[in-house]
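> Got chain A; can you put chains B and C on it based on the hints?
Chains as they are written, first to last, in my numbering: chain A, 1 to 350; chain B, 1001 to 1340; chain C, 2001 to 2294.
Quick caveat, the hints were computed from the structure, so don't treat them as lab data. Please note that a few of the clues may not be correct.
Computed from the model, here is a short list of chain B residues facing chain A with C-beta under 7 Å [as the list claims (entries may be wrong)]:
(1) 1091
(2) 1235
(3) 1239
(4) 1244
(5) 1245
(6) 1249
(7) 1257
Ideal Cβ positions, reconstructed from N, Cα and C, are used throughout, including at glycine.
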Amino acid sequence: MADIQLQNLSKRWGTFVGVQTMNLHIADGEFLVLLGPSGCGKTTTMRMIAGLEDTTEGDILIGGARVNDLEPKDRDIAMVFQSYGLYPTMTVYENIRFPLKVRGIPQAEHHERVMRASATVELDDFLQRKPAALSGGQRQRVALARAIVRKPKVFLMDEPLSNLDAKLRVSTRAQIKNLHHELKTTTIYVTHDQIEAMTLADRVVVMNKGAVQQVGTPLDIYDRPANTFVAGFIGSPAMNLIEGRMTGGVFEADRVRIPGFGGIADGPVTLGFRAEDARIADTGEIAAPVYSMELLGDASMATVQAGGALVAIKAAKDFMAQIGQPIAAHVPADICHLFDAATGQRIERP
Amino acid sequence: MKHRSFFWFFLPTATAMLLFIAFPIVSVLIQSVYAPHEQVIIEVENCGPFGCTATTTVDQEATRALREAQPMGRFVGLDIYFNRAHLAVSEIGALWTAAPDLGTFFSRLLGLPFYGALSFTLTYTFLVTPFSLMLGFVIALSVNALPRILRGPTIFFSLLPMIVTPLVGGLILFWMIDSRGVLGAFFQYLSGDPDLSVKASTPMMWVMLIVYGIWSSAPFAFVVYYAGLQTVPQDTLESAMIDGATRWQRIRYVMLPHLLPLTTFMALIKIMDNFRVFEPIISFQASAHAQSLSYFIYSDLGGETRLLSSAAATSVLTIIGIVILLSPVLVRTWRSFGKA
Amino acid sequence: MSTTVADRRPASLRLALGAFLVFWLILAAFPFLWTLWGSFKVEGDFFSRADWMNAVSGTLTEAETGAPFTGDGYYGAWVQEEFWRAGLNTVIVTVSVVVISLTFGTLGGYALSRSPYRYAFWLLIIALVFRAMPPITLVSGYLLPFFEWNLWGHLPTTIIVLVAINQPFTLWMLTSFFRNIPKDLDESAMVDGCSRFQAFRHVIIPVMWPGVITTGLFSFLLAYNDFAVTSMLLSRENLTMVPKIESFLGTTQTRGNVMFAVASVVSVTAPLFILVMFFQRQIVSGLTAGAVKG
Chain A
1 MADIQLQNLS KRWGTFVGVQ TMNLHIADGE FLVLLGPSGC GKTTTMRMIA
51 GLEDTTEGDI LIGGARVNDL EPKDRDIAMV FQSYGLYPTM TVYENIRFPL
101 KVRGIPQAEH HERVMRASAT VELDDFLQRK PAALSGGQRQ RVALARAIVR
151 KPKVFLMDEP LSNLDAKLRV STRAQIKNLH HELKTTTIYV THDQIEAMTL
201 ADRVVVMNKG AVQQVGTPLD IYDRPANTFV AGFIGSPAMN LIEGRMTGGV
251 FEADRVRIPG FGGIADGPVT LGFRAEDARI ADTGEIAAPV YSMELLGDAS
301 MATVQAGGAL VAIKAAKDFM AQIGQPIAAH VPADICHLFD AATGQRIERP
Chain B
1001 MKHRSFFWFF LPTATAMLLF IAFPIVSVLI QSVYAPHEQV IIEVENCGPF
1051 GCTATTTVDQ EATRALREAQ PMGRFVGLDI YFNRAHLAVS EIGALWTAAP
1101 DLGTFFSRLL GLPFYGALSF TLTYTFLVTP FSLMLGFVIA LSVNALPRIL
1151 RGPTIFFSLL PMIVTPLVGG LILFWMIDSR GVLGAFFQYL SGDPDLSVKA
1201 STPMMWVMLI VYGIWSSAPF AFVVYYAGLQ TVPQDTLESA MIDGATRWQR
1251 IRYVMLPHLL PLTTFMALIK IMDNFRVFEP IISFQASAHA QSLSYFIYSD
1301 LGGETRLLSS AAATSVLTII GIVILLSPVL VRTWRSFGKA
Chain C
2001 MSTTVADRRP ASLRLALGAF LVFWLILAAF PFLWTLWGSF KVEGDFFSRA
2051 DWMNAVSGTL TEAETGAPFT GDGYYGAWVQ EEFWRAGLNT VIVTVSVVVI
2101 SLTFGTLGGY ALSRSPYRYA FWLLIIALVF RAMPPITLVS GYLLPFFEWN
2151 LWGHLPTTII VLVAINQPFT LWMLTSFFRN IPKDLDESAM VDGCSRFQAF
2201 RHVIIPVMWP GVITTGLFSF LLAYNDFAVT SMLLSRENLT MVPKIESFLG
2251 TTQTRGNVMF AVASVVSVTA PLFILVMFFQ RQIVSGLTAG AVKG
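Chain A extracted, bound-state conformation (with noise of 0.2 Å):
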């Protein structure tokens, strides 16, 4: 058990920057997810985190200590891997056993923390199979249970339901949530998966571009979404995003214009609404006609070019609109967020 602290970490490849000087404190037991599209620094962090990276500047501490140093077995964690990592020819048994054998764990515990770790993860019926004759969702489980059986200090896992069909993911997801529950292990997840984020995290860091763009929980980034890139990278479908004007409180685009904006500097600005939040009317702040309609089950979306972007409003099921047909859209300023059109950061409302 140990917190995790990154001070002042950077990774740089020549001129190229990977990760811009991260600070960040990771809570004992915490279950912290790096997210952000690829390319954006997260694997790289987690990366040096392991050890399998080298720092270019700043420290790691795991538990207070300093660790930059330290080879990646010395820095007690364990790591499951997008591809998970098995070893081709051991059985799904040695898989799970490697750990303790090549740290000299005493042979008498081997077989009880082995058989331990496959149950938590219900593998117990494949232990004499080799890797190959697993399934995806196995082999994803032989990673965790080679993972859990040492008892580390922290768990790295980089996108490891990524190569998971759409249904096992949700389930292997609900898996590892129960085992973080259980075990209560500091976790460090790395994804591009906004609803792994969101269900599994206790705390999100949205990265893009080797920096950090947002800490919070899930909830508060949704809700408070720190710039144009968290507001446009969180939700599905992402926050709608439309460049204006603001003039006298009143914000004003092509097909646009929502008053309600008291104590806003008047100037350019961006505007950001969820489609959820909107709602068809007959007169409403926007008005523009239908671009596309999508029915998503259990509702419809309804697109509208309007202040020169596509704008999504979601709509009742039975909803129904031509191509074409002018619609309107009721956008009231309070559930709207406003952000530096220069900067994109958050324009906080008085």
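For chains B and C alone, coordinates are given in the frame of chain A:
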């Protein structure tokens, strides 16, 4: 692809292989059961002033006629296989009864030309193959540890012993170990014996031939292992690091299992190549101390008296040897294909 | 890939690996450099009874020829012993062998790679068995018929024999190479109206060169390096370079003449050096192609 177009595409290569590989094998088989005609001898009575003397002479006319009528020679069945130069059945029988113990029996057995050649060929094959693979693997590991810019030149120099003409590579080493060459002088210095000559001693010659074999085979193993090392799954390697495996354990549990199929493949190729060892014996002028099956055939074929039948019999025995060596692979392919 | 904490080898290990590598490089390269250097000396220096340092300093060379280096060996081999004739024969043999083997091999290899039938597999296995035959065993099968039919001694005979011996290997390499060219390519051409041969000619030939060049390098090496076939099947005046060197050893073991052999050895090795220098990448990929893919 349809059978018809397959036939036309495959015809040229099939013809070449049929005429110059399959047919010669048949030709060798036939030759090995025929011996050249003996010369037709006639007795001529020369009657001179001092009476008649009977002399025997070769009837050139009749001999030529016989040879033209039956160019294959006379059929002798398996006689050539069993004679002294080949399987030497009766000689072995005699040795067996005469030899006081097994050791003497075997040392005398190896004195028979065919068994001597067979023993050298097998010794060479089964020492050079594993040692060159091991050397190649260590070179591959070392090169893998080099900075990237140094790898190209290292690979270049490492390829040379393999790429060079075997006869030439052998000669280059042979001149160096000549008692007047640089390595020969070095060996004399090491041993403190100014008359030491590698050429004069059978064990030294065997060692030199095997060293040459390893020297010229190791680059192949190195290059293949080096490429294999680049394909070791990075995830698994990193898993092993985190699981606590030491450097040696990573080689033992991740790299070696990954390289096992490559090792089997190369062992197969190298056994085939080493079994035909031939040129270095010529380069090293080693035939007095070591003969291989290939050299045995070569020396029968060359020279003034071309002993075609004898060479053919040795060839057949060599081919049988190759088939025995390859049989595990062939049987496995047969089985796995039968299953599929 | 950057070196990382994890990859960082301890100093002692790095030193040991480095030392081993230096040792290996000396083992691999020194004999060639030594022979190259020595080929410009006289025999008394190259084989120095007195002191091997003579080969470096060239004491006798200087005494005999007046300069520390001499081209006598090269003159003797190339001009006096007419090694150039052998060189010319080698060029004829290797070029013809490479061209013909590749022509036969690409057609056959393409057919094997595109045939779904079981016989394609067995043909490859037969080729593997043929590949295992020591060439000299085949040579003993050639001699009698070649004598009978008056084919012995001529360059064309040797060329076609080398082509045949080369086919199994060429077929294996090119089959595995053609398998990596997607079937869609020629199939779409055939849907567009090509015959099988037109598809091969217009679609496959333009993209096959990397694999063909790699295979061609190995065909070249086989023909160039061969001794068993060329020495037994060629008459004295038609000998190529490698058996010619061997004939130097047999006939001219008199003083000074061994240097002809040394000079011709260097001459034979030089093109190979250049070949490796320019085609290192192809040679490495060719060696590993069959192996790594299994």
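> Looking back at the hints listed earlier, which ones does the structure fail to meet?
1
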